[in-house]
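Trainee: So you can see what is in the structure, the chains are spelled out below.
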Amino acid sequence: MGIEGPSGSVTKGRRRVSEVDPVGAGDGPGTVETPGSVVEVRTSASASLIPTIRAVASDLAARADFDLDAISDLRMAVDEACATLVDVAAPGSSLRCTFDVREELIRVHAEVDTADAATPVSTDTFGWRVLQTLADEVELEANGSGTVGIRLHKRADAAPR
Amino acid sequence: MSALSFPASRGPSRPGGLDTSLTRPAPGVHVLLVDGEVDTLTAPILGEALGGLLAAEPADAVVAVDLSGVGFLASSGLAVLIRAAHTAGSQGRVLHLLGGSRAVTRPLEVTGSDQLFTLLPALDELLARIDGDRPAG
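In the order they appear, the protein sequences are chains A and B. Using the working numbering, the first residue of the first sequence is number 1, and each one after it goes up by one. Using the working numbering, the first residue of the second sequence is number 1, and each one after it goes up by one.
Only true hints are included.
Here are some of the chain B residues that sit facing chain A, going by a computed Cβ distance under 8 Å:
1) L41
2) R102
3) A103
4) P107
5) V110
To list a few chain A residues with every Cβ distance to chain B over 10 Å, as calculated:
6) A62
7) S93
8) S94
9) V101
10) A142
Rather than coming from a laboratory, the hints here were simulated on the basis of the structure. The beta carbon of each residue, even a glycine, is placed where N, CA and C say it ideally should be.
Pulled out of the complex, with its shape left as it was, chain B reads as follows (with noise of 0.2 Å):
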C-alpha cells in the first residue's frame, strides 16, 4: 500500500465499531481515514468527522475520505456521504473518495451516488493526480 498504510491494529472491520482519524499525508490535502462500518448507529459518528474534514484549511485544499477499512455502508451512511459531498461542492471544491471495497462501491453504484464523488483505488491515485496539475518546478 502507500505510505499510509494501515498498522496492524487496523485488521479486518469488526462488526457494529466505528473509527476515524484526520490526517494530513501531504501539503494541502486532508484525509478522513474511517475504518468499521457505517451504518444507523454510527453514520453520527461518521458525519461528525466529515464535517472536520470540510472545515480543512485553505479553501482549495484536496479532501479526501479513505474507505478502505470500510467493510459496511448502509444509506444512513450514504446519507451523511452524500450531504458531505454537497458541502463540499458549495465550498467549490469535490470529495475525493478512496479504496472502497465492493462493500463501499456496491451501494454508491446501485443509488447513483458515485456520481457525487471523485472515486479513486488509493491514496497513491490521489497524489499522483494532485502532482500531476502542479505546474513542473
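If we strip away everything but chain A, and leave its shape as in the complex, we get (with noise of 0.2 Å):
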C-alpha cells in the first residue's frame, strides 16, 4: 500500500435532547439539560494524522472557553492517547475520535480496531504516565473483544500544578 492520504470525516451536531434527558424531552425550554455538542473525527489510523485530531481538539477546547493552560493539556492529552492507540491498530483500520464537548467539561473516546484482540497497551509507560497527569481521568477500554479505546475528560480550568 502507498501512504495514506487524509481520508478522515468529521460530523457535528447537537446530542439529541431525548439521550440528554429522556424523561424531560418535550418538555419546554429550560426543562432540559443544556446539550453538549458532539464532534466525531475519524482518520485512518495513521500517526501521521494525529496533527489533525490534536487540532480539533485544541480548536474545541479554545471555543468552550477553557483556560490556555487546559487546552494545552487536553491537546497533548488527545496526541498521547491517540499515539498509543494507532500504536496497536489493524493495518488499514480507522482511528474514531469523540469529543462530547460539555459545560466546563470535554470527554474523549478514541478507539481503534486491533490486529490481534489480544494486543496488548502498556500503561506502564512514560506516555501513560504523562496522560494520567494532563487528563483528570483517564482509563483504557482493552476486553480482548478486537477494540482497544481510551476515555478521557478534561475541565477547562486546568488545576496548577
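Assembly of the complex is requested from the two constituent chains, each provided in isolation within its own frame, with the hints serving as guidance.
Mentor: Rendered as C-alpha cells:
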C-alpha cells in the first residue's frame, strides 16, 4: 500500500435531547439540561493524521473557553491517547475519536480496531504517565474483543501544578 | 528578537513537520534551532539533531536548544529532551532550553522535567549569562 492520504470525516451535531434527558424530552425550554455538542473525527489509524485530531481538540477547547493551560493539556492528552492507539491498530483500520463538549468539561473517547484481539496496550510507559497527569480522568478500555479504546476527560480550568 | 532572529520563512509551525538547524551564535556556544511540532513522528528527528548538538566540542562548550519555533511538544519529544539532558549531565554540562511557548513549558512543568534543564526566555539571556560568567577584560 502507498502512503495513506487524509481520509477522515468530521461530523458535528447537537446531542439529541432524548439522550440527555429522556424524561424531560418534549417539555418546554428550561427543563432540558444544556445539551452538549458532539464532534466525531474518523481518520486512518496513522500517526501522520494525529496532528489533525489534536488540532480539533485544541480548537474545541478554545471555543469552549478552556483556560490556556487546559487547552494545552487536552491537546497533549488527545495526542498521547491517539498515538498509543495507532501503535496497536490493525493495518488499514481507522481511528475514531469522539469529543463530547459540555459546559466546563470535554469528554474524549478514542478507539481503534486491533490486529490481534490480545494486543496489549502498555500503561507502564512514560507516555501513559504523562497522559494520566494531563487528563482529569483517563481509562483504558481493552476487553479482548478486537477494539481498544481510551476514555478521558478534561475540565475547563486546569488545576495548577 | 535577538541577532539570531528567524527569517520570515520561519512562520508559525505547520502541523506535523519539524526542521532543525545547528548554529554557533558566539564562540563556544552551540544552539540547536527547532521549528515545528515534536510528536511521535518527528521526535526521532529531534533526537538525531540533539545528538549532533551534544557532540559539540570543546567539552565545556555551552549547549542550548531554541524551542521558540515549537508549537507542540508530546511526551515522545519530552523523552528525547530528557535523554539529552542526561547525556549533557554525563558530559558535565547543562542543557539550556530557550524561548519555549506555553506549548513547550506546560509539558515540562506538568511532568516536573523542567528541573532537568536551564530554561531561559531567549538567546540574549543565555549570551548575557555567559558574558557575566567570564572574567572582565
